[in-house]
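Engineer: Starting from the given sequences, assemble the full structure and let the hints guide the process.
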Amino acid sequence: MDNAQLLKGVLEGCVLAVIAKGETYGYEIIGELEKAGFEDIGEGTLYPVLTRLDKNKLIMCRRAKSPLGPVRKYYSITDEGSDALSDFKERYRKISRSAESLLYDDVPADNV
Amino acid sequence: MYNSYAYHIKNLRPEYKNVFDQICEYVRAENMDETRSEEILSEVMDSFLTAQEDGKSTDQMIGGDLSLFCRELCSGVSLRSRVVKIIEMMFPVFVLTGFSTLLNFMYFLATLADGEKTDFWHFRDSINLWGYLIGIATVIVFEFITGAVLKKAMASSSEKFRKVSSAFKLIYAVLIMICAAYLVVNAKKNNFEGTYLWISLLVCTVYFVLYRSLTADKRKYKKENKISFDEISGAPDKSLNIEKIEMKLFEKLNKRNIRKGLPELTFSEFLEREEKACHSNTNGSAFHVLLAVFCTFLGFAAVILTSGFPHLSDGIFFVIITLTIEGLLMYALYKASCYNVSCKLKWIESKRNEAECEIQTEK
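Sequences listed follow chains X and L, in order.
Counting from 1, position 23 in the first sequence corresponds to residue 23 in my numbering; the numbering is continuous, with no gaps.
Counting from 1, position 322 in the second sequence corresponds to residue 322 in my numbering; the numbering is continuous, with no gaps.
Wrong hints could be hidden among the right ones.
[What the hints assert, rightly or not] Now the in silico label distances, taken between C-beta atoms and shown as ranges:
#, chain 1, residue 1, chain 2, residue 2, range
1, L, I134, X, E39, 51 to 59 Å
2, X, I95, L, L175, 52 to 60 Å
3, L, V93, X, G9, 41 to 49 Å
4, X, A20, L, E272, 47 to 55 Å
Calculated directly from the structure, the hints in this document are not laboratory data.
A virtual CB, placed ideally from N, CA and C, is assigned to each residue, including glycine.
Structural biologist: What follows is the structure, given as structure tokens:
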């Protein structure tokens with residue numbers, strides 16, 4: 001099964017969760033995701049996700065000069081984004097419970 | 001000047017630079033608008049510079065597959081972005097066309113001023129607008145075909161991508177030479193008929209209105225990320241330069257005062273003197289305007305006294321063009337002097353703050 005497909009739905013929520021911790025930028029988000037175990041996430045994967053979140057007004061960005069010179073985009077979560085994150089957490093919990101109960105027979109859905 | 005990614009390429013190490021160049025080529029081949037491509041490449045540049053500092057390899061940054069990285073990076077380019085790109089590509093041609101149309105309009109007014117019988121609706125421009133538009137359309141189609149082929153090449157291998165990219169650059173160079181040769185050969189014949197002036201004016205106006213409304217993001221981006229020329233070129237801090245000049249002046253003034261037997265200036269008195277000079281300088285806009293008018297008048301008088309103008313319209317033309325050129329020059333001079341004054345005022349402010357801090361710590 002394609003890993004990218006599996007990641008697609010989850011990544012937006014996870015990126016939103018990283019941004020919810022405080023204002024951050026692309027490279028730092030990748031670092032946070034790597035720390036959490038998402039090893040194959042690069043700028044190429046992250047950029048479209050951030051653009052999508054920005055377009056849907058779940059995050060907002062401000063541009064400023066980075067310490068190394070180029071323009072850097074700093075992202076922070078909006079109220080809509082916070083609501084979407086809570087909603088995502090709830091839905092993800094339900095889906096993961098159901099999936100785990102199916103995938104690992106010994107784990108009953110209610111006990112996960 | 002704005003903070004473009006291009007100014008920081010020199011800070012990349014060779015391995016990063018090589019990968020970044022290929023990403024730039026791919027982004028260019030995607031034919032997206034300038035703001036979007038600038039944003040993407042600035043983000044990548046910032047990440048590459050940070051990763052370089054952290055000692056990461058390029059493979060760690062792009063995940064080993066450059067083609068996939070580029071495709072993901074550029075995914076979701078909207079139709080609007082591509083339309084804006086087309087409009088942006090037309091800009092240099094329309095600037096030239098607009099300028100020529102404006103000159104022709106002035107020529108039309110001059111013809112009227114000379115009392116010649118002429119009709120606005122039948123007055124012809126000296127350029128063939130439709131020929132220009134067909135030329136632009138051909139270039140745009142070629143650009144999009146190039147983009148599609150380059151993207152395909154990138155999907156197979158970066159080596160192939162490089163070869164195809166070089167081949168297209170060669171084709172471009174040959175095409176430009178053919179076009180230039182065609183223009184040189186046909187310029188002598190002078191047998192084409194220009195477009196009606198009103199059509200040229202209308203098309204140019206529509207284009208510039210469209211350009212202004214569709215590129216508002218671009219202007220906002222450039223305004224937000226304004227950067228001084230000194231910062232880009234890596235020149236030493238302007239304030240250090242001012243400090244050097246001002247301290248020299250301070251010494252010179254005091255030496256002169258000693259020579260004349262006058263009391264020496266204290267540093268705060270010197271700052272006050274300099275501040276006054278700055279404020280008198282900021283009122284110099286009237287001086288620049290008057291200088292432009294005076295120079296034009298001088299030129300006009302010189303021509304009248306020597307050969308004179310054959311027609312009234314020639315005189316009007318002379319005044320308009322000279323006033324425009326001198327006005328622009330004076331405006332640039334005025335802006336430069338304003339910038340210097342603002343830097344000097346900042347320096348004076350910083351020196352006063354320093355002195356205040358010293359007094360407070362002594363207390």
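Engineer: Looking only at beta-carbon atoms, does the pair A20(X), E272(L) fall within the given range of 47 to 55 Å?
Structural biologist: 53 Å, holds
Engineer: Please test the hint of 41 to 49 Å on the beta carbon pair from V93(L) and G9(X).
Structural biologist: Roughly 46 Å apart at Cβ, these two residues keep to the hinted range, so it holds.
Engineer: May I ask you to test the hint 51 to 59 Å on the CB atoms belonging to I134(L) and E39(X)?
Structural biologist: At roughly 52 Å between Cβ atoms, E39(X) and I134(L) fall inside 51 to 59 Å, so the hint holds.
Engineer: Range hint 52 to 60 Å: satisfied by the CB atoms of I95(X) and L175(L)?
Structural biologist: 56 Å, holds
The structure is consistent with each of the numbered hints, conforming to all of them.
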